[in-house]
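> Those protein sequence lines, which keep their order, are chains F and E.
For what it's worth, my numbering labels the leading residue of the first sequence as 1, then goes sequentially.
For what it's worth, my numbering labels the leading residue of the second sequence as 1, then goes sequentially.
Hints are computed from structural coordinates only; laboratory data are not their basis.
Do not take every clue at face value.
Which chain E residues stay away from chain F? Per the calculated CB distances, all over 10 Å, these [as the list claims (entries may be wrong)]: (1) Lys3; (2) Glu32; (3) Val36; (4) Pro42; (5) Ala48; (6) Thr56; (7) Ser58; (8) Ser61; (9) Val62; (10) Tyr71; (11) Ser82; (12) Thr98; (13) Pro100.
Short derived list, chain F residues pointing at chain E, Cβ under 8 Å [unchecked claim]: (14) Ala24; (15) Tyr25; (16) Leu28; (17) Ser29; (18) Leu32; (19) Glu35; (20) Ile39; (21) Ser42; (22) Arg48; (23) Phe70; (24) His72.
None of the values given here were measured: they were computed from a predicted structure.
Note that the Cβ used here is the ideal one computed from N, Cα and C, for glycine as well.
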Amino acid sequence: MRKFFGNRTSIVSILASLFIFLFAYTALSKLLSIESFKIQLSKSEILRTGANFLSWAVPVSELGICILLFFHSSREFGFLLATVLMGLFTIYIAYMLLFVTHLPCSCGGVIQQMSWPQHLVFNITFSILGFLGWRMSKKITQDFIAINRQSRTPV
Amino acid sequence: MKKYLLGIVAMVLAIGFSAFTDQKSKAPASGEKWFVFNGVDPADLGDATKYSLDGTGSSPSVCPTDVSSSYRCQIEAMPVGSPALPDLNTIIDERKRTTP
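Looking at chain F on its own, in the form it has when it is part of the complex (with noise of 0.2 Å):
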């Protein structure tokens, strides 16, 4: 049992690091380049009035999120809100493939050599391990209250 949640928490630790990896790449990138991504959001029909906006809230969002999932204690709801963003940027690009003939690209570093078909399966697969990361960092969570709860208990 101590070794099944010893391995949950090492599963934990890399799926924080890969969004990690994912979220501060991509931010940098657009924040680098802050110019040409507010240009290349303009393109999109249905981002050009907050392009402004968003050319800034996107990276900075990103970056929020890679500091929840660095700390242990935050990991749970950095999870969360990766998947919730992972899931905006594939209901975002999915919209574009079935309705838009024009696709701007307007993603972070090398990700934009991707076509928008495996981008939309690149962003369905981080979904889901935001998902189960999500999953698995709130049974940590209720697991160490438990195990802490019990230790309690007078014998």
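Could you slot chain E onto chain F? The hints should help.
What follows is chain E alone, placed relative to chain F:
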């Protein structure tokens, strides 16, 4: 400290990779250049002779940032011929201006 090791490694890798990728992406990969649109009529938009190379063509100097106004100012496209004119089928970016 040990429990944060993976997170720290991920951060360092992300910073390293993003710095590396950004420098690489500054060079245009397929040779597109910036052209200024000199036409006055909407019919001129499709006429390549109404465009001229913007300096060396490496960046949009006439309308550097405007992407939302109504009128075409500059385009980024593959150059053809000498003097260079844009191949209008290869436009990958555009800048706008407020007046025709």
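> Each of the hints needs a verdict: does it hold here or not?
Evaluated hints:
1. Lys3: Since the minimum Cβ distance to chain F is about 7 Å, Lys3 (chain E) lies within 10 Å and the statement is violated.
2. Glu32: 14 Å, holds
3. Val36: 17 Å, holds
4. Pro42: Correct as stated: the minimum Cβ-Cβ distance to chain F is 20 Å, above 10 Å.
5. Ala48: 21 Å, holds
6. Thr56: 19 Å, holds
7. Ser58: 14 Å, holds
8. Ser61: Holds: least Cβ distance 14 Å, greater than 10 Å.
9. Val62: The claim holds: Val62 (chain E) sits with its nearest Cβ about 15 Å from chain F, beyond 10 Å.
10. Tyr71: 16 Å, holds
11. Ser82: Given that every Cβ of chain F is farther than 10 Å from that of Ser82 (chain E), nearest at about 29 Å, it holds.
12. Thr98: Non-interface label on Thr98 (chain E) holds, nearest chain F Cβ at 15 Å vs cutoff 10 Å.
13. Pro100: 21 Å, holds
14. Ala24: 4 Å, holds
15. Tyr25: At 4 Å from the nearest chain E Cβ, Tyr25 (chain F) passes the 8 Å test, so the hint holds.
16. Leu28: Since the shortest Cβ distance to chain E is 4 Å, the answer is holds.
17. Ser29: Hint on Ser29 (chain F): holds, closest Cβ of chain E at ~5 Å, below 8 Å.
18. Leu32: 4 Å, holds
19. Glu35: Glu35 (chain F) check passes; min Cβ-Cβ to chain E is 7 Å, inside 8 Å.
20. Ile39: Where the cut-off is 8 Å and the nearest Cβ of chain E is about 5 Å from Ile39 (chain F), the hint holds.
21. Ser42: Holds, because the Cβ-Cβ distance from Ser42 (chain F) to chain E comes to roughly 5 Å (cut-off 8 Å).
22. Arg48: 7 Å, holds
23. Phe70: 5 Å, holds
24. His72: This interface hint holds because 7 Å falls under the 8 Å limit.
The structure shown violates just one earlier hint, number 1.
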